[in-house]
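Trainee: Model the placement of chain B on the given structure of chain C, informed by the hints.
For the protein sequence lines, the chains are C and B, in the order given.
Here the numbering used here is used: position 335 in the first sequence is 335, and no number is missing along the way.
Here the numbering used here is used: position 141 in the second sequence is 141, and no number is missing along the way.
Worth flagging that the hints you see were computed from the coordinates, not collected in a lab.
In this text the structure is predicted, and so the values were computed from the model without any measurement.
Warning: the hint list may mix true and false statements.
A pair holds if it fits inside one copy or across any two, identical chains being indistinguishable in the list.
For lysine-lysine, the following DSSO-like pairs were computed, each having C-alpha atoms within a straight-line distance of at most 30 Å [what the hints assert, rightly or not]:
(1) K39 to K223
(2) K294 to K39
(3) K294 to K126
(4) K39 to K289
Protein chains: 2
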Amino acid sequence: MDFKVTAMDGPARAGSIKTQRGEIHTPAFMPVGTNATVKAVSPDELMDMGAEIVLSNTYHLYLRPGDGLIEQLGGLHKFMNWPRPILTDSGGFQVYSLSPLRKVSDEGVEFQSHIDGSTHFMTPEKAIEIQSALGSDIFMIFDECPPYPSTREEVLRAVKRTTAWARKCKEKKSAVPKAEQSALFGIVQGGVYEDLRRQSLEELAPMDFEGYAVGGLSVGEPKPEMYEMIGLMGPVLPAEKPRYLMGIGDLKDCLTAVEAGFDMFDCVMPTRNARNGTLFTSEGRISIKRAEFKEDPAPLDPACNCYTCRNYSRGYLRHLFLTREILSMRLNTIHNLHFYIEFFRKMREAIAGGAFGEFKSRWEQVQW
Amino acid sequence: MDFKVTAMDGPARAGSIKTQRGEIHTPAFMPVGTNATVKAVSPDELMDMGAEIVLSNTYHLYLRPGDGLIEQLGGLHKFMNWPRPILTDSGGFQVYSLSPLRKVSDEGVEFQSHIDGSTHFMTPEKAIEIQSALGSDIFMIFDECPPYPSTREEVLRAVKRTTAWARKCKEKKSAVPKAEQSALFGIVQGGVYEDLRRQSLEELAPMDFEGYAVGGLSVGEPKPEMYEMIGLMGPVLPAEKPRYLMGIGDLKDCLTAVEAGFDMFDCVMPTRNARNGTLFTSEGRISIKRAEFKEDPAPLDPACNCYTCRNYSRGYLRHLFLTREILSMRLNTIHNLHFYIEFFRKMREAIAGGAFGEFKSRWEQVQW
Numbered sequence: 001m002d003f004k005v006t007a008m009d010g011p012a013r014a015g016s017i018k019t020q021r022g023e024i025h026t027p028a029f030m031p032v033g034t035n036a037t038v039k040a041v042s043p044d045e046l047m048d049m050g051a052e053i054v055l056s057n058t059y060h061l062y063l064r065p066g067d068g069l070i071e072q073l074g075g076l077h078k079f080m081n082w083p084r085p086i087l088t089d090s091g092g093f094q095v096y097s098l099s100p101l102r103k104v105s106d107e108g109v110e111f112q113s114h115i116d117g118s119t120h121f122m123t124p125e126k127a128i129e130i131q132s133a134l135g136s137d138i139f140m141i142f143d144e145c146p147p148y149p150s151t152r153e154e155v156l157r158a159v160k161r162t163t164a165w166a167r168k169c170k171e172k173k174s175a176v177p178k179a180e181q182s183a184l185f186g187i188v189q190g191g192v193y194e195d196l197r198r199q200s201l202e203e204l205a206p207m208d209f210e211g212y213a214v215g216g217l218s219v220g221e222p223k224p225e226m227y228e229m230i231g232l233m234g235p236v237l238p239a240e241k242p243r244y245l246m247g248i249g250d251l252k253d254c255l256t257a258v259e260a261g262f263d264m265f266d267c268v269m270p271t272r273n274a275r276n277g278t279l280f281t282s283e284g285r286i287s288i289k290r291a292e293f294k295e296d297p298a299p300l301d302p303a304c305n306c307y308t309c310r311n312y313s314r315g316y317l318r319h320l321f322l323t324r325e326i327l328s329m330r331l332n333t334i335h336n337l338h339f340y341i342e343f344f345r346k347m348r349e350a351i352a353g354g355a356f357g358e359f360k361s362r363w364e365q366v367q368w
Numbered sequence: 001m002d003f004k005v006t007a008m009d010g011p012a013r014a015g016s017i018k019t020q021r022g023e024i025h026t027p028a029f030m031p032v033g034t035n036a037t038v039k040a041v042s043p044d045e046l047m048d049m050g051a052e053i054v055l056s057n058t059y060h061l062y063l064r065p066g067d068g069l070i071e072q073l074g075g076l077h078k079f080m081n082w083p084r085p086i087l088t089d090s091g092g093f094q095v096y097s098l099s100p101l102r103k104v105s106d107e108g109v110e111f112q113s114h115i116d117g118s119t120h121f122m123t124p125e126k127a128i129e130i131q132s133a134l135g136s137d138i139f140m141i142f143d144e145c146p147p148y149p150s151t152r153e154e155v156l157r158a159v160k161r162t163t164a165w166a167r168k169c170k171e172k173k174s175a176v177p178k179a180e181q182s183a184l185f186g187i188v189q190g191g192v193y194e195d196l197r198r199q200s201l202e203e204l205a206p207m208d209f210e211g212y213a214v215g216g217l218s219v220g221e222p223k224p225e226m227y228e229m230i231g232l233m234g235p236v237l238p239a240e241k242p243r244y245l246m247g248i249g250d251l252k253d254c255l256t257a258v259e260a261g262f263d264m265f266d267c268v269m270p271t272r273n274a275r276n277g278t279l280f281t282s283e284g285r286i287s288i289k290r291a292e293f294k295e296d297p298a299p300l301d302p303a304c305n306c307y308t309c310r311n312y313s314r315g316y317l318r319h320l321f322l323t324r325e326i327l328s329m330r331l332n333t334i335h336n337l338h339f340y341i342e343f344f345r346k347m348r349e350a351i352a353g354g355a356f357g358e359f360k361s362r363w364e365q366v367q368w
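Pulled out of the complex, with its shape left as it was, chain C reads as follows (with noise of 0.2 Å):
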């Protein structure tokens, strides 16, 4: 893997990412394809609309249909036909946000699988073992992430296991021949609290991850103190690594996070707000379901050329919704999408014209 800051406008920065399976331009954003596969698209129109990486859920795919399963069948690009890089979370996060119940140790996590009730044992040598069997381009550690709140003392225990996984995360992968091809990046933790978070990443930073990710932000805590840790990370995170903050993809929180010099992202959002009938457009969110779309020919997005924009009404795609059919939910997925890819390639413009600022106080004005 290959990181290259090809612009800079302030803090923020536009790059690209080389890896054996393509090119990833950044300020990128990553769909979610949580089951091997990104909700109600295929892999085809994801392509068409520029996605260059998508997200794979580490933990799901774990326990359905298994690694070992989807390593057979040719490994994970092969299984889902996604040729492009494939980045997979440790299932760190999911651990402690799906499973009814689980033990932390230092060895590891017993959770039981929320699909199933099944007990199972997670540890970072085993989350590296399940994204080599993937066959994943980009690893993530496993780490502990504390929901909020927690007290300082929680935060600052979950940052000192995740300093010590982090270091048999990149043993473990050092050791598996299979992994050689691909990169692996940290995680910062520490909660809302200053120090914690400098902490954490101090004690990666030697370890000389190919990439650094911010997570356990977005759990619940309030919109200042996640924006202030934001700030915080943006400019500390190595420079010449990609910054990787998870599970947020929020418009103005990107905006936000790019100011401060995050690369990558990552959420649901714009695919299951698809799916309840919530669309981005460029004059800010709808509902699709509102009466006063019923009669109404013009596309979603009239500044959109999507698909769905390019042969789909608002009154059709409302009728599809009400009647719960099961083009809503591509058409819609498809839009939102794209609105995304495209909004990324727009940052990456303005950054590279050095209107970042610009481009960001416009957008800020949106109704979303």
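Mentor: Okay, now just chain B, sitting in the frame of chain C:
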């Protein structure tokens, strides 16, 4: 509309229907697009697989979103982004099969909406008005479709009403300028009573419809009775007009009906089965959820060239089905519809090559 028989093999025939919106090769299978969408697939996918016509439902579209709305938005073709021919049924069958309450008189049918319980009155004239508003290429007359079992008297009354309504439909259609370019098909009723079937046809034949359908089969009667009616009607329906067997799509039934001289078919079987994980292959039906497919790297049907079979393994399709992913329904639907459309193309080839009997007996040995 212009219909030509281009080849015959016994009573089985291959032909071509030319409409203002394109040609339909017969025997033809029409995918069902009830709510102005063929469930789970896009119009582009339908065109890619060679679908030449789709069926849409007057009853459903009248109730939701309303034929007036569709007309206002440019007609059904534009609304659903499907440029090729559309056949609309008249709502006669749905009024009987879906409405929780109905009252039939010589004027029409008062019925309750299965969506919101509201009361509506459907008449032959109104069925034509709706189909005109939709901009359908092939209209169906509004018929009375009695359930099975019904007494001879009940069926006789339905035959007489269907005849009277057929006349009203024809008159109404000739009075609607917008409907001039569209065809109107009659529907023969008569249940499983041979003499009533003959009577229904004798009454409708002089009205010179542009095509003749057989309705009221596959409504619960035993297969031998259905086959008897198919064998009875095929040879006596006007030879110079398309012959349409409504709502029947089991492939063995289609083979039997083509052998008897039928040309057109519609059925939700390939689409509904796809969503339930039941798939048609050259070796018979399979249920994709079965454990034997868990680690199977082969495509659904090695003999198939559809998008699904070219790109995905059985193992992946089983995983998508078990995780209830939307892509599962789409990939399965693409395969099943492609299989049907190819099956019908091969039937036409067999008829043209004088080998339909051989084709039929070969496929009858497959486990459907």
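Trainee: Could you run down the list of hints and mark each one as holding or not?
Mentor: Outcome of the hint check:
For a Cα distance limit of 30 Å, the shortest separation of K39 from K223 inside one copy, 28 Å, qualifies, whereas the shortest one across copies, 41 Å, does not. For the identical chains of this complex, K294 and K39 are neighbours both inside a copy (26 Å) and across copies (21 Å), given an alpha-carbon limit of 30 Å. When the C-alpha separation of K294 and K126 is checked against a cutoff of 30 Å, the pair qualifies only between copies, where the shortest distance is 23 Å, while the shortest distance within a copy is 52 Å. Within a single copy, K39 and K289 get their C-alpha atoms as close as 20 Å, and across copies as close as 19 Å, so both meet the 30 Å cut-off.
Figure legend: structure checked against the earlier numbered hints; every hint is met.
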